[in-house]
Amino acid sequence: MPVQGLRTVTSARNGVGAFILQCKRLDFHYCNHGGSSRGMLAFLTQTLPEFARENPQIEVRVAPRHGKHPVIKGQYINGREKAICVRNMEPGEILKKAMILKDASGEKLKRTKKPVTSLNESVRGIWSPYHGDLRGV
Amino acid sequence: MKRLQLQRWSSTVLSPRARTSNKLHQHLYSASLRHQSTVAPLQTESPTQNVIEDASLDLEDPELKLRLDSVHKRKSQLKYPSPPVNAAAESAKLAALHARLYLPSRLPLETLARTLVDVSADPNADFNNESLATLGHDLLTYYTSEHLLATYPRLPLTVIFAAMYAYVGPKTLAAMSKEWGVDVASLPGGEVDPGFLQFKRVEPGTDLSKATKGKGPRPYAEAKNWRKTVTSKIFYDDEFGDPIKGSNEAGAGVPDELARATAVRALMGAIYLHSGRPAAKLFFQQHVLSRSLNISQLFNFSQPARDLTRLCARENFEKPVAKIISETGRLSRHPVFVVGIFSGQDKLGEGAGASLLEARERAALAALKGWYLYSPLNVRVPSSMEEEGAAPWKPAYVDLGEVIS
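Those protein sequence lines, which keep their order, are chains A and B.
With positions in the first sequence counted from 1, the corresponding number in the working numbering is that position plus 1228.
Take the second sequence: its position 154, counting from 1, is numbered 136 in the working numbering, and each next residue is one higher.
One thing to keep in mind: the hints can contain errors.
Said to hold, decoys possible - Derived contacts from chain B toward chain A, CB cut-off under 8 Å, selection only: (1) P138; (2) Q267; (3) S274; (4) I306.
Claimed, not checked - BS3-like mimics (lysine-lysine), calculated; alpha carbons at most 30 Å apart, straight line: (5) A:K1324 with B:K160; (6) B:K227 with B:K182; (7) B:K75 with A:K1296; (8) A:K1324 with B:K75; (9) A:K1338 with B:K160; (10) A:K1342 with B:K75.
Hints were generated in silico from the structure; no laboratory data involved.
Just so you know, even glycine gets a beta-carbon here, dropped at the ideal spot from N, CA and C.
Excised from the complex, chain B in its bound form (with noise of 0.2 Å):
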């Protein structure tokens, strides 16, 4: 195997052990080494492979011996939690993953076999996908974050919660990874294919809302008819503007929607780890931005002719008024009205409607659209500025902020 390049600070995320400084921390740990790890190990032969070795080399039939041999491999595989690390290179499904994705070739096998194990499946922080999770998790979230605050200055609170979660919230995240033909092993274990995404499933009954130990940052999370305001939303919850929950507990199941999304987090991390700030923003590109999403389809207003009149009376605008443009069968069956909404002599809305009123809260709905999907031209986002002989940075459009009535 190619030498991995690692960043120098990435040891802390790879592996404590990687640390070469602390003689007593090698000393300590090297009795109890898992050869898995996808970072260089300290000591590359243990005794008991070498007990096996010198038994086996004594027989003289090859086949026996290569009998023996695969015997042994698989009693050494089922002692571990999940595959080990010498397993990825031969796997073929790992690297069909690994091309179908057109992964950069600095992230190794290794490190993609580690992406599919889940703590559920492998409590070990040097082997499973925790880690890299929080990193790919935190760098998903940003990206999407800065492209919607860049293109829709305007966006309320709640609809960029909303498309954050349509981006990269972890319904998404597990389709995609289906979308990637990563299949779910029945159970995991040392001997499972590290093709395979691995993970303790959920036992039936299990109530999911209570599995979890310890509170989130919020007080008074358990008063639940307590009205939640969107700003106490952004201070104590997460990206999604839901309720962070406390870590689960040790040797609980996950659910699959939820083991899929942080492989694919980790996916991103380790991507980021290994091949560096352009090929994760590359990936990010191509796999979550590119998807598709209509974010006028994410507003769900209440009051629309109201907040038209509060927005109008913030902007100083003329009040708002609603005209008929056009209108035909008032007296059948099936009426068309077509409502502008007018400040002044400009056209703010038009909708069309079966009476009046609808014909009006659409003209509203639409005029409130128009002003919320406000894009600037030729939109940059902050991480811009890491690339290569960026252009300067110019200060980009921040709206005052949505209406609130």
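Chain A with its partners taken away, still in its complex shape (with noise of 0.2 Å):
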């Protein structure tokens, strides 16, 4: 055998061929009677259905949670599920929320130190000491 192919998996890269929102699915709970959730029901039933019309890729659901604070729920590829609490809230604000929900990734908030995330390597290579101009000690 003068050399064997090693299997692996190619990783995706998303946005570099399509890109694929990370938004599954939107629930939106409310209250038809605690005082919380007044604007989350004019949200509901003015800006709701322009927003799910602009945004298809994500599964939209509306259920009633009584005696509970409204909330917007965002279900993500990656199976984490963030909670976002929108009582006492206008509708414009409720509709940030949700855009923010919609931006998520859906991974855990972390800082990021470097400018460029990259799997390529690194154009330049790694220095060596064995190379280039050697100088004389």
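Using the hints, put the two standalone chains together into the complex.
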């Protein structure tokens, strides 16, 4: 056997070819009686249909939760869930929160220290003391 | 629903019952027709449905009628092994998946739903994704292999097998479907949301190697200790160099990975059938070729120095000679040698290592990879000739083949 092939799996680069929005589903929970849901009820009737139309990639669910504060929950492709409580908020503020959930990747928030994250090797290579201009000591 | 515009021959893939020419055929099947196919049914109304509607018309209370209707609908759904075709238009999950993958609008939701039904869930060939998956698998492997052969004409066959597996192997396709957000139904059935992937799971403790019946094309396949040559792998085995197994037994479950891979293949076939070749190729480029693969990491050399000598002899190069380019700390605990392999005046490769032997091996490896990973400029694949107004074809670079030692 001169040379054998090693089996691997290609790794995804979201956005290099197609971009897959990571937010799969948004659940809107409201209460019909609670005062904190007033803005949410207005949002559900006025803004949500347009929001859903603009973002067909996201499955939208609306479900009542009696006696609780209104909540938006986002389900993500990586299996995680993010929830934002929107009690006493105006429809405009709720839309901003929904946009936050829509744009999130689903990962835990973490600080990025490098300006670029890449799968590719560095073009310049790793510095080596044995190459280049050797100087006499 | 907009009327589907299918290519004429596509009916053979979608459903044998779409052929309207055979009157006898129609007559035979009209009694047991299932109204859930992705093709237009021969009969629009079934007698049982009429009875249900007549009975519910007598009721005055609209709410009770609605509830009765939903109960009847649920009962009718329960008798099918996979969701009925009219459920596809109501599924939010399916519509979201369609939009998330930027699928062409000519691909209807009903066909997308059909790609998510595995053979193990619904054995009826009119409603599962087997035929679409066969087409999709052929397309995926064709586009991948032509890309690999045109881009890296000197790759050894074992590496091509590995690269094919990396691009369109079942593991990759399963990972892709997970990254698309396709969820799996716990159990298949007519009442399940069609946005879920449906298949029957393998029973715990099943021996997967013995679950298949029939045998592949390779003679003496049961002789495990016999040497399998690479040439015989081209002849008898599949695109990844794996032996072709016989078909699964009816009613047997499938592993999660295989069901997911089949669904992705079926989607590729469905796009090809409904939206044509350009859309299928675009989908392939966006979802398969855009993934990252470092081909230089797929090589596993056993004796690189010997292979390099053979290669130089074949190509009429001067005999390769290893020379020390620089070194440091020969007598210390951490010596480093930089060795280059030269053929006459030309440096073929260079490598650094902690011993002279290691550095020489690395240098030979670099030289061999430099040879095998040659890629011509302005690569064109044969299928690019299918585009409208394509430039005349120039013969692609074809190599002698790998070094055999």
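Results for each hint:
1. The beta carbon of P138 (chain B) comes within 5 Å of a beta carbon in chain A, closer than 8 Å, and the hint placing it at the interface holds.
2. Contact between Q267 (chain B) and chain A, as hinted, is supported at the beta carbon level, the nearest pair being about 6 Å apart and thus within 8 Å.
3. Annotation: S274 (chain B) was flagged as interfacial toward chain A, and the flag holds, the nearest CB pair being 5 Å apart, inside 8 Å.
4. Taken as an interface hint, I306 (chain B) does not check out: its beta carbon lies about 11 Å from the nearest beta carbon of chain A, beyond 8 Å.
5. Distance check on the hinted pair: K1324 (chain A) and K160 (chain B) sit about 28 Å apart at the alpha-carbon level, within 30 Å; holds.
6. Straight-line distance between C-alpha atoms of K227 (chain B) and K182 (chain B) comes to about 19 Å, which keeps the hinted pair within the 30 Å bound.
7. The hinted pair formed by K75 (chain B) and K1296 (chain A) meets the criterion: a straight-line CA distance of about 27 Å does not exceed 30 Å.
8. Proposed proximity of K1324 (chain A) and K75 (chain B) is supported: the alpha carbons are some 24 Å apart, at most 30 Å.
9. Between the alpha carbons of K1338 (chain A) and K160 (chain B) the distance comes to roughly 23 Å, so the proposed pair stays at or under 30 Å and holds.
10. With a C-alpha separation of about 37 Å, the suggested pairing of K1342 (chain A) with K75 (chain B) is violated against the 30 Å cut-off.
Hint compliance for this structure: hints 4, 10 are not met, and every other hint is.
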